[in-house]
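> Those protein sequences? They're chains A and B, same order as listed.
So that you can map any letter, position 12 of the first sequence is 12 in the working numbering, and since no number is skipped, the others follow by simple counting.
So that you can map any letter, position 67 of the second sequence is 67 in the working numbering, and since no number is skipped, the others follow by simple counting.
Some clues are possibly wrong.
Pairs of lysine-lysine, DSS-like flavour, derived with a Cα cap of 25 Å [said to hold, decoys possible]:
#1 B:LYS118 <-> A:LYS85
#2 B:LYS188 <-> B:LYS99
#3 A:LYS73 <-> A:LYS85
#4 B:LYS99 <-> A:LYS73
Here are a few chain B residues that sit away from chain A, every Cβ distance over 10 Å (derived from the structure) [said to hold, decoys possible]:
#5 GLY50
#6 GLU77
#7 ALA101
#8 VAL138
#9 GLU158
#10 GLN194
#11 ASP224
#12 VAL243
#13 GLY249
Rather than coming from a laboratory, the hints here were simulated on the basis of the structure.
For each residue, glycine too, the CB sits at the ideal point set by N, CA and C.
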Amino acid sequence: MRLLPIVISTAGLAAAAPAFAADVSVAVELPRIATASYHRPYVAIWIEKPDQTAVQTLAVWYQQTRNNEGDGKDWLKDLRTWWRKGGRAMTMPADGISGATRAAGRQSITVPAARLRGLQPGQYTMVVEAARELGGREVVRVPFRWGAANTANASGSSELGAVRVTVSR
Amino acid sequence: MKKTLALLSLAAALAAPLSAQAHRAWLAPTSTSLSGTDAWVGFDAGMSNGVFIPDHAAMRLDNLVVTGPDGSKIQPEHMMQGQYRSTFDVHLTQNGTYKIANVGSGLMASYMLNGERKRWRGPASDYPSALPAGATEVQASRNNSRVETFVTLNAPNETVFQTTGEGLELVPVTHPNDLAAGEAATFKFLRDGQPAADLDVTVARGGLRYRNAPEEMTVKTGADGAFTVTWPEPGMYWMNAAVRTEAQGQTLASNTSYVGVVEVLP
Numbered sequence: 001m002r003l004l005p006i007v008i009s010t011a012g013l014a015a016a017a018p019a020f021a022a023d024v025s026v027a028v029e030l031p032r033i034a035t036a037s038y039h040r041p042y043v044a045i046w047i048e049k050p051d052q053t054a055v056q057t058l059a060v061w062y063q064q065t066r067n068n069e070g071d072g073k074d075w076l077k078d079l080r081t082w083w084r085k086g087g088r089a090m091t092m093p094a095d096g097i098s099g100a101t102r103a104a105g106r107q108s109i110t111v112p113a114a115r116l117r118g119l120q121p122g123q124y125t126m127v128v129e130a131a132r133e134l135g136g137r138e139v140v141r142v143p144f145r146w147g148a149a150n151t152a153n154a155s156g157s158s159e160l161g162a163v164r165v166t167v168s169r
Numbered sequence: 001m002k003k004t005l006a007l008l009s010l011a012a013a014l015a016a017p018l019s020a021q022a023h024r025a026w027l028a029p030t031s032t033s034l035s036g037t038d039a040w041v042g043f044d045a046g047m048s049n050g051v052f053i054p055d056h057a058a059m060r061l062d063n064l065v066v067t068g069p070d071g072s073k074i075q076p077e078h079m080m081q082g083q084y085r086s087t088f089d090v091h092l093t094q095n096g097t098y099k100i101a102n103v104g105s106g107l108m109a110s111y112m113l114n115g116e117r118k119r120w121r122g123p124a125s126d127y128p129s130a131l132p133a134g135a136t137e138v139q140a141s142r143n144n145s146r147v148e149t150f151v152t153l154n155a156p157n158e159t160v161f162q163t164t165g166e167g168l169e170l171v172p173v174t175h176p177n178d179l180a181a182g183e184a185a186t187f188k189f190l191r192d193g194q195p196a197a198d199l200d201v202t203v204a205r206g207g208l209r210y211r212n213a214p215e216e217m218t219v220k221t222g223a224d225g226a227f228t229v230t231w232p233e234p235g236m237y238w239m240n241a242a243v244r245t246e247a248q249g250q251t252l253a254s255n256t257s258y259v260g261v262v263e264v265l266p
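The whole structure should be built from the sequences, with the hints applied where relevant.
Written as structure tokens, this is what we have:
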């Protein structure tokens, strides 16, 4: 239901890049994992410098409500790399960043230029980390360039599938 | 026979909970880095050859002190002493870093009385007045031991690293709840508040039962008391250093030891 417009906007971005100048979109494949008790993964997406210092968190998908097993924020630490590189210093939920966990399949986010105003042109890495309850954890790093239109790809092997970064400038 | 021996060694360990010579003391948290609005951490405390393997004796927790991120004392909960390990829980309700420490200090003396060797143990302030009249060949030593670990709820802070100036103390340069495999971490040792130079620090990774090699490292502290460890693998690590000095004139012999337990994440 919610998936459809997002996929369309990503397709639109790729087709008509100049019209969306300076936006960044990240498409992430969350693999379908056949297991007895599948839980949707927690996912964090952030930008790093080449030396792996974190610059900006773009998205965090986690359980938004409290259930009988506790508050969703209790497990944010399982996104270990993101947690250490700045997640633990953020206040959740965060406007425009945090959201509910998403279903397996192709998911994407588009970050408008206005939210990346502080980013100087240069080489960066888009990092996607996924951690799943009763499952594994995986980090995928995608080097990309900020300052000109380009696309970059990488792929995970267990908790993440293809990750595609599109800069439309 | 075997049981008697076990009981004897247990009794010895209980009487001297922290002066482990043959056995290693440890205080291991169930997790060290937590998120959310509040969290619980459980702790196991024991003495054994293989670190974190409860197979010898429980640690006595009479001197357990839990310090919260604001410096206040936190009451541990659900304290229990089992055969092989003591356990307790700490409820984390403040953001920041907690220190969980079992600190022993006191004086041990052995003396001859009526032809028999006897031992006395107590606070330094009771010595030598607590020894019976007629005690001869008195040999006394001061003991100071510290077994500690750290846990953090949300972002780490540094209030709990304030030192007391007594015994061997660890001063983190790298935060102990910010350790990752493949990265280097630096800590400093102070002895009675002064940099402890030229000290051998043993660093051992837990999980020995499931591998053959002990995988222990020894690193030396520099002139400023600092040492650096590059963590080869994720895991729970045990760090230990000890200083013994002989009696000199009026100064008593002393035994000082430190154990720190830290978690290294992938």
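> Run every hint past the structure and note whether it holds.
How the hints compare with the structure:
no. : hint                 : result
1   : B:LYS118 <-> A:LYS85 : 57 Å, violated
2   : B:LYS188 <-> B:LYS99 : 17 Å, holds
3   : A:LYS73 <-> A:LYS85  : 16 Å, holds
4   : B:LYS99 <-> A:LYS73  : 23 Å, holds
5   : GLY50                : 26 Å, holds
6   : GLU77                : 18 Å, holds
7   : ALA101               : 23 Å, holds
8   : VAL138               : 53 Å, holds
9   : GLU158               : 14 Å, holds
10  : GLN194               : 33 Å, holds
11  : ASP224               : 27 Å, holds
12  : VAL243               : 34 Å, holds
13  : GLY249               : 51 Å, holds
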